[in-house]
Amino acid sequence: MSTTVGHKHVGSDVELSYLRDLYLPKEKNYVEHKDSTIIYRHISSFPPVKQLSPSERKRILVTGGAGFVGSHLVDRLMWMGHEVVVLDNFFTGTKRNVQHWIGHPHFELVRHDVVDPFMVEVSQIYHLACPASPPHYQYNPTKTVKTSVMGTINMLGLAKRTKARFLLTSTSEVYGDPEEHPQKETYWGHVNPIGPRACYDEGKRIAETLTYSYMRQEGVDVRVARIFNTFGPRMSPADGRVVSNFIMQAIRGESLTLYGDGEQTRSFQYIHDLVDGLILLMNSDYSDPVNLGNPDEYTIKEFANTIREMVLTPPLSPHNVDIKILPAAEDDPKKRKPDITRAKTYLGWEPKFSVKHGLQETVDWFKSQVAEGAI
Numbered sequence: 001m002s003t004t005v006g007h008k009h010v011g012s013d014v015e016l017s018y019l020r021d022l023y024l025p026k027e028k029n030y031v032e033h034k035d036s037t038i039i040y041r042h043i044s045s046f047p048p049v050k051q052l053s054p055s056e057r058k059r060i061l062v063t064g065g066a067g068f069v070g071s072h073l074v075d076r077l078m079w080m081g082h083e084v085v086v087l088d089n090f091f092t093g094t095k096r097n098v099q100h101w102i103g104h105p106h107f108e109l110v111r112h113d114v115v116d117p118f119m120v121e122v123s124q125i126y127h128l129a130c131p132a133s134p135p136h137y138q139y140n141p142t143k144t145v146k147t148s149v150m151g152t153i154n155m156l157g158l159a160k161r162t163k164a165r166f167l168l169t170s171t172s173e174v175y176g177d178p179e180e181h182p183q184k185e186t187y188w189g190h191v192n193p194i195g196p197r198a199c200y201d202e203g204k205r206i207a208e209t210l211t212y213s214y215m216r217q218e219g220v221d222v223r224v225a226r227i228f229n230t231f232g233p234r235m236s237p238a239d240g241r242v243v244s245n246f247i248m249q250a251i252r253g254e255s256l257t258l259y260g261d262g263e264q265t266r267s268f269q270y271i272h273d274l275v276d277g278l279i280l281l282m283n284s285d286y287s288d289p290v291n292l293g294n295p296d297e298y299t300i301k302e303f304a305n306t307i308r309e310m311v312l313t314p315p316l317s318p319h320n321v322d323i324k325i326l327p328a329a330e331d332d333p334k335k336r337k338p339d340i341t342r343a344k345t346y347l348g349w350e351p352k353f354s355v356k357h358g359l360q361e362t363v364d365w366f367k368s369q370v371a372e373g374a375i
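Mapping the sequence shown onto UniProt numbering, position 301 (from 1) lands on 301, and the numbers just tick up by one.
You may find that some hints are simply not true.
To be verified - With a Cα cut of at most 20 Å, we get these calculated EDC-like pairs of lysine to aspartate or glutamate:
1. K163 - D221
2. K334 - D221
3. K335 - D177
4. K163 - D285
5. K8 - E350
6. K184 - D296
7. K58 - D221
8. K95 - E108
9. K58 - D116
Claimed, not checked - Across the chosen pairs, the derived CB separations fall in these ranges:
10. D261 - E121: 23 to 29 Å
11. P48 - I206: 39 to 45 Å
12. E121 - K50: 17 to 23 Å
13. T186 - P135: 38 to 44 Å
14. K8 - I194: 35 to 41 Å
15. D296 - D364: 29 to 35 Å
16. E330 - K50: 25 to 31 Å
17. T306 - K163: 45 to 51 Å
18. S368 - D285: 36 to 42 Å
Simulated from the structure, these hints should not be mistaken for lab results.
Model, not experiment: these values are computed from the prediction.
We treat Cβ as the ideally placed atom computed from N, Cα and C, and that holds for glycine.
Based on the provided sequences and hints, a complete structural model is requested.
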């Protein structure tokens, strides 16, 4: 296993120990008060970053930058020496994910909902803002659609005005319950437009339509990433995804819950691989949609057993925790696996981290959060 992640030609290569210290710090470099304000002890407490000249340094906007994926992207962009502006309404994101940057002269955190316009001068826009797990996007489906549609219109309008390059984080959910396997970017999908997942699936499909409409009509420079299942530190323990569900249930010694027969398949990628792909795509010359995912395919039951064996240590053992079968969720895809030929060909990207390596990092993070009483 390599000790670094990233690509030298975009300046994103970084030691894994550096990234690990951001979400598993040996000691806190701030004082957090009861009212959640944060005071840094001294300027040298910030994580080290590359020093770029003003002409090399970009000002980059990340919507949803306090969320799970967004915060890891922010970490890498800050490490690369850029200025980063984060917009987040804190529906699923949290200040805790980016608190190690608060007060840094190259970092700005703004509480803002992207359904409302926002004005800022930037050269790149990573548009991540949207709840992405079923409990979150189904909690307020109308708001989910508004975020995908109005939020994307607002950010594309900003990209048009500032001549910024725009990257939309779309999703493998645009393929629905696919009839093609693995899924290529040319596959149009098999989606229920009125089901319980439609607010997210169709919202992202509309966001892609808007993105390419702005490219053709307004000349906006766009990129689209279709992200497959992703896991890693900073996942919310209550986001309803199988990784966080299984890990938290195993840590508590509870039964692991499977919806359906557990034979549904998914392809899981570690967060550092995804961030690497997003940065490469943003800085590439390729404008068609690109799948970013790990083509290693697991059944949900296999994944549950892997996590159960990884989490449970004496006095508990995997035999102390059973697997409970519950009715399948409506419109739950039976299989999901990316064809990443485009990513390999046009970005030079493919996953570097094995699922087991990423899971161990994720389990360690969840255990540390439980020990601290943070979750």
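Checked hints:
| no. | hint | in the structure |
| --- | --- | --- |
| 1 | K163 - D221 | holds, 8 Å |
| 2 | K334 - D221 | violated, 35 Å |
| 3 | K335 - D177 | holds, 7 Å |
| 4 | K163 - D285 | holds, 16 Å |
| 5 | K8 - E350 | holds, 15 Å |
| 6 | K184 - D296 | holds, 15 Å |
| 7 | K58 - D221 | holds, 16 Å |
| 8 | K95 - E108 | holds, 12 Å |
| 9 | K58 - D116 | violated, 24 Å |
| 10 | D261 - E121: 23 to 29 Å | violated, 53 Å |
| 11 | P48 - I206: 39 to 45 Å | holds, 41 Å |
| 12 | E121 - K50: 17 to 23 Å | holds, 22 Å |
| 13 | T186 - P135: 38 to 44 Å | violated, 32 Å |
| 14 | K8 - I194: 35 to 41 Å | violated, 47 Å |
| 15 | D296 - D364: 29 to 35 Å | violated, 21 Å |
| 16 | E330 - K50: 25 to 31 Å | violated, 47 Å |
| 17 | T306 - K163: 45 to 51 Å | holds, 46 Å |
| 18 | S368 - D285: 36 to 42 Å | holds, 41 Å |
Checked against the numbered hints above, the structure violates hints 2, 9, 10, 13, 14, 15 and 16; every other hint is satisfied.
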